[in-house]
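> Residue strings, one per chain:
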Amino acid sequence: MFAIYKKEMRSYFTTATGYIFLAVSLAVTGFVFSISTFFNQSPTSDTSSYFSIILFLMMVVLPILTMRSFSEERRTKTDQLLLTSPNSIFSLVLGKFFSAFTMYIIYLVLSSFNFIFLYIYTPETSSPPNMAMIIGNYIALILLGMCFIAIGIFVSTLTENMFASAVITVGALFGLLIINGIGNLFTGEAFYIVRVVINWLSLFARFDAFVYGYFDIGALVYYLSITGIFLFLSERVFQARRLS
Amino acid sequence: MIEINNLVRKFGNKYAVDDISFLIKTGEIVGFLGPNGAGKSTTMNMITGYLSPTSGTVKVDNIDVFLEPTKAKKKIGFLPEQPPLYIDMTVWEYLSFVFDLKSCEFNKKAHLDEVCDLVKIADVKNKLIRNLSKGYKQRVGIASAIIGNPEIIIFDEPTVGLDPKQIIEVRNLLRSLGKDHTVILSTHILSEVQAICDRIIIINEGKIIADEKTSHLNQTLGQNNRFRVKIAGPSREVLNLLKGIHSVTRVTQDGARDGDAFTYIIEYSGSVDIRKMIFTALASKGWPILAMEGVEITLEDLFIKLVDAKGGNK
Numbered sequence: 001m002f003a004i005y006k007k008e009m010r011s012y013f014t015t016a017t018g019y020i021f022l023a024v025s026l027a028v029t030g031f032v033f034s035i036s037t038f039f040n041q042s043p044t045s046d047t048s049s050y051f052s053i054i055l056f057l058m059m060v061v062l063p064i065l066t067m068r069s070f071s072e073e074r075r076t077k078t079d080q081l082l083l084t085s086p087n088s089i090f091s092l093v094l095g096k097f098f099s100a101f102t103m104y105i106i107y108l109v110l111s112s113f114n115f116i117f118l119y120i121y122t123p124e125t126s127s128p129p130n131m132a133m134i135i136g137n138y139i140a141l142i143l144l145g146m147c148f149i150a151i152g153i154f155v156s157t158l159t160e161n162m163f164a165s166a167v168i169t170v171g172a173l174f175g176l177l178i179i180n181g182i183g184n185l186f187t188g189e190a191f192y193i194v195r196v197v198i199n200w201l202s203l204f205a206r207f208d209a210f211v212y213g214y215f216d217i218g219a220l221v222y223y224l225s226i227t228g229i230f231l232f233l234s235e236r237v238f239q240a241r242r243l244s
Numbered sequence: 245m246i247e248i249n250n251l252v253r254k255f256g257n258k259y260a261v262d263d264i265s266f267l268i269k270t271g272e273i274v275g276f277l278g279p280n281g282a283g284k285s286t287t288m289n290m291i292t293g294y295l296s297p298t299s300g301t302v303k304v305d306n307i308d309v310f311l312e313p314t315k316a317k318k319k320i321g322f323l324p325e326q327p328p329l330y331i332d333m334t335v336w337e338y339l340s341f342v343f344d345l346k347s348c349e350f351n352k353k354a355h356l357d358e359v360c361d362l363v364k365i366a367d368v369k370n371k372l373i374r375n376l377s378k379g380y381k382q383r384v385g386i387a388s389a390i391i392g393n394p395e396i397i398i399f400d401e402p403t404v405g406l407d408p409k410q411i412i413e414v415r416n417l418l419r420s421l422g423k424d425h426t427v428i429l430s431t432h433i434l435s436e437v438q439a440i441c442d443r444i445i446i447i448n449e450g451k452i453i454a455d456e457k458t459s460h461l462n463q464t465l466g467q468n469n470r471f472r473v474k475i476a477g478p479s480r481e482v483l484n485l486l487k488g489i490h491s492v493t494r495v496t497q498d499g500a501r502d503g504d505a506f507t508y509i510i511e512y513s514g515s516v517d518i519r520k521m522i523f524t525a526l527a528s529k530g531w532p533i534l535a536m537e538g539v540e541i542t543l544e545d546l547f548i549k550l551v552d553a554k555g556g557n558k
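Chains D and W, in that order, are what the protein sequence lines are. Residue numbers for the first sequence, in my numbering: 1 to 244. Residue numbers for the second sequence, in my numbering: 245 to 558.
Hints should not be assumed to be uniformly reliable.
Restricting the straight-line Cα-Cα distance to at most 25 Å, the calculated cross-link-like pairs of lysine to any residue (SDA-like) are [said to hold, decoys possible]:
(1) 319(W) with 91(D)
(2) 77(D) with 524(W)
(3) 352(W) with 5(D)
(4) 369(W) with 91(D)
(5) 315(W) with 215(D)
(6) 371(W) with 395(W)
(7) 315(W) with 120(D)
(8) 258(W) with 74(D)
Read the hints as simulated data drawn from the structure, not as lab findings.
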């Protein structure tokens, strides 16, 4: 697992992928941050709108990290090297997952410097930033990001084309976002089951507690499970392909 | 060492490998011979655990490849048909990645240096793989297969696309590897297996049609029962004369005319050396022989013979 992790981290920085991911997301993040706080019409230290925009941003940029993952290996046939090496398929999947996750953490750490400025130069019209909320939001971002990465890796096992892989991942994530809204359309007793199922599928419905600074154990378990399920499914794709 | 029992592999409804069984002993160099699409690569991919069989088992050192893949794969070094190279890496980076991937327990630098020297890529080890020629890429692929010193080395068509000089180098390398490894290689070139292998397994349409020692196969096929002869003289009369020689079974004219000379292919049966008879017969008529050579048996001929032989047995 560590060999593949190292190789992936290296390839993020020898190909453009890692730099594009960090540059694009940090640039947009900095812009959004300043617009939503210091340069707001009424300057504020409230960052809730900032975090919801970042969540959307991650839906678009995290697939950049995962699009090559297994697609590229299949296209260049290097998957033959990986799959005939004495490693379990799941450890390969984990290596890919943790390398993308590391890149994501690097982004989160770099972007968190914004808050140091907000802390020092809190707008006069506003109270100091609410640390509980900020930490809550960060935890939520980490958890949701894990799910996005796992979904992205799963999609990349399905296609040899990395652009298809990226587009399908973004599409799938938006699908999950829309599902949240659809669930709310089914009102009344009759649709109770439909609502339950849709809510169960909805990644975003569980985001709220964290946003207000609460720590929701149920949601934590939910996000970890979703991540685990998609990593497991990625492994199954390889097993199935060996048989077909 | 490698034990294959009733291995079957279907793609959809088509049998790529249809119930094959064989045993390869430690230290053998075995050649898989067959035309494209005969099931050679599929068989190799199943031995290395890249594909799962529809039914049947593969055991390496009594370890089932599908039940204990990690243990079995540690014993196998594999070079697929297309070498699995990361073209953005330098040769050294690639080899050291493969070293880590196989979690080898040697001293890394010493082992990789040794492998580089063996396959003669030490001079390009800091170059990007994308900039290497086909021959060097193939050798990097071979290097990655032998990293970790696996007991069994499997090469899928290792000489395809190489120039004649590189082919000779790769063959020499394979022969030297064969001294302390079990080697399986696939090819569709008959002379290649004859040059390298102790044993030949011939596969056609997913089935084994011959499994013999190379020396034995050469004997039974009676390699030199065909000659190509270039004779200056009137073609029809020469043809008749040749046909009249004892134990000649067939004479055909082959190729273009060269001045007043024609080329003939003479087939004969039995173990008599008919070259002298051809000479005296032609000398008496005063038609000079310009060239005479044995025709190497081709894979197609071999196939026809083997299939015929099988039909005859039934």
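> A separate judgement is required for each hint: does it hold in the structure or not?
Here is how each hint holds up against the structure:
Note on residue 319(W) and residue 91(D): the hinted pairing holds, with a Cα-Cα distance of about 19 Å set against a maximum of 25 Å. At roughly 60 Å between alpha-carbon atoms, residue 77(D) and residue 524(W) are farther apart than 25 Å, so this suggested pair is violated. Proximity of residue 352(W) to residue 5(D) is assessed by CA-CA distance (about 18 Å); at most 25 Å being required, the pair is judged to hold. For the hint linking residue 369(W) to residue 91(D), the alpha-carbon distance of about 29 Å lies beyond 25 Å, and the restraint is violated.
Only pairs whose Cα atoms come within 25 Å are accepted, and residue 315(W) paired with residue 215(D) is rejected, the gap being roughly 44 Å. Note on residue 371(W) and residue 395(W): the hinted pairing is violated, with a Cα-Cα distance of about 29 Å set against a maximum of 25 Å. Between residue 315(W) and residue 120(D) the CA atoms are separated by roughly 57 Å; this puts the pair beyond 25 Å, and the hint is violated. Our distance criterion of 25 Å between C-alpha atoms is met by residue 258(W) and residue 74(D), whose separation comes to about 24 Å.
Of the numbered hints listed earlier, those contradicted by the structure are 2, 4, 5, 6, 7.
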